[in-house]
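Whole structure, please, built from the sequences with the hints as guidance.
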Amino acid sequence: MKKLLTILALSLTAVTSANAAVVVIGNPAAADISINDVKKAFLGKGNSSVVVYELEEGNPIRSEFHQAVTGKSDAQLKAFWSKQVFTGKGTPPPAVSGAAAMKSAIASNPNAIGYIDEADVDATVKVIIKP
Amino acid sequence: MQFNVKILSVAISMAIVPSLAVADEAADAKIAKLEQQVQTLQAQQNASLADKVKFNGFISGAYISSDNDAGYNNADSSANFSEDSKLGLQGTFNISDNTQAVLQLMMRGKYDWEVEAEWAYLSHRFDNGVKIRGGKLRVPLFMYSDYLDVGYAQPFARPPQEVYGTIPFSSYTGAGVSYDVEYDDSTLTMQAFGGESDVKNSAVELSNLMGANVSWTDEIWTLRAVYAQAKLDGPIVSEVTVPLAAGVNTQANYTVLELNDEKGSFVGVGASYDNGEVIAITEWTRSEIDNAYPDTDSGYLTLGYRIKEFTPYATVAYMKTQDNDERLPLSTATAIQMVAFNAERMAYSIGLRWDAIDNVAIKFDVTYAEDFGDTSGGFTGNSIDTSTGKFTYDDTLIYTVKFDAVF
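Heads up: the sequence lines are chains A and B, in that order. For the first sequence, my numbering assigns the number 149 to the last residue and increments by one with no breaks. For the second sequence, my numbering assigns the number 884 to the last residue and increments by one with no breaks.
Misleading hints may appear alongside valid ones.
Computed list of lysine to aspartate or glutamate pairs in EDC-like fashion (alpha-carbon distance at most 20 Å, straight line) [unchecked claim]: (1) B:Lys608 - B:Asp589; (2) A:Lys107 - B:Asp657; (3) A:Lys148 - B:Asp661; (4) B:Lys531 - A:Asp135.
Source of the hints: derived by calculation from the structure; they are not laboratory data. All values derive from a computational prediction rather than experimental measurement.
See the structure below:
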């Protein structure tokens, strides 16, 4: 029984450490930006010169990012954007297919911000915030 | 094969760029990176086209029925599939970075799917952040006014009728101006609007409609307040049963009240809280119209709790006319006004929103309305027995099953 619990505890630890840590990334040339401004940018508010990229729906990093930054679940985020779209207030940011596409998009635009798993960060982008 | 050649040729031409040519990478890795860049460029090109025009839509299908024929939300004891079923199609056209045209066409089952423009406006945002809009717009009286028909963006099966049902128009033709003040972690939006409107399927017109609202949100809390006023003009016509002889009745249109540029005013306050799990929404409104047209107070409180894809909720709502002393039964005409306009009721709803699949929510709702006092409860289907002075129904129960989707 004790052994079983240990295994259970170990496997739980393993699951936790395997959990991706999402980081907000920007172009290496970009100025620093606060977490509140990141949140606003991803909800289509605030400074309109910031260009944001999302990962595609269904990507666990996307859910983790929104949980941490905008505080919205997948369903809430969809409801939020349907409200914005159908009142003409804004449209959801473009979505890219994965970490490589995200880095490529960010690297090509000095005003762009996005988010990826910390493990995927390389020299083409810089980490702005670890939410 | 042709595709590969194309990619390669692009890759080769891009590899000539000196900064890339000196990169000391294995050829495979380099091609992979270039392919990625080509994809990004293609995506950006597609995006710039997609940025110009966007099409979106929403659809709701609902079954409603009631235990009687009082007429809550036009429900009766037989199944009704049209009242809350609707389809909306929207085109957003970006004319320039700061100028856009929005056209939203609505088809509603309750109006035999007749096509109507619910939003049709041109908007422009100035460099100082002031946004102006002109055309056909939603009257922003309530928290859910702007997206009244987009069920997917609402937690409940329908906004509480005690509050939302007191105002018989939802859009206006005119202009509006809005400005956002950005704080560190929140946004304050101020909006003013003016124009004219009319009441669907009636000859009542609203002119000199103007108002303002202010709302603040940090995406968890939302607080708002609104004031609006208008002049109302035209006849309030009701279909009445006229007894010709014992047991022989006929239906006739009867002008209950002739509005003659009556001044109406509206105030509303609202608050909502949504931390991702707990949802609380409340609104309170007061509308006042000169003379015999009813002044109504109304309010509701909705509480909900998200458990993964399920959001059970409960709502308590009320409405009550405040100026019943302006409709005392001193003559036949005022007696009819009393019967037609005096209204009060309480409504209790329990429901469930189920985010069943991507972009589709299914909702179940049971609403019970009672405490009509000496009134019809505000239901046209609740007629009075003139010999006893009693209304046919003193409560009503409504069942709703609905799906809301966006695309």
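We went through each hint and held it up to the structure:
no.: 1; hint: B:Lys608 - B:Asp589; in the structure: violated (35 Å)
no.: 2; hint: A:Lys107 - B:Asp657; in the structure: holds (12 Å)
no.: 3; hint: A:Lys148 - B:Asp661; in the structure: holds (19 Å)
no.: 4; hint: B:Lys531 - A:Asp135; in the structure: violated (30 Å)
The earlier numbered hints that this structure contradicts are 1 and 4.
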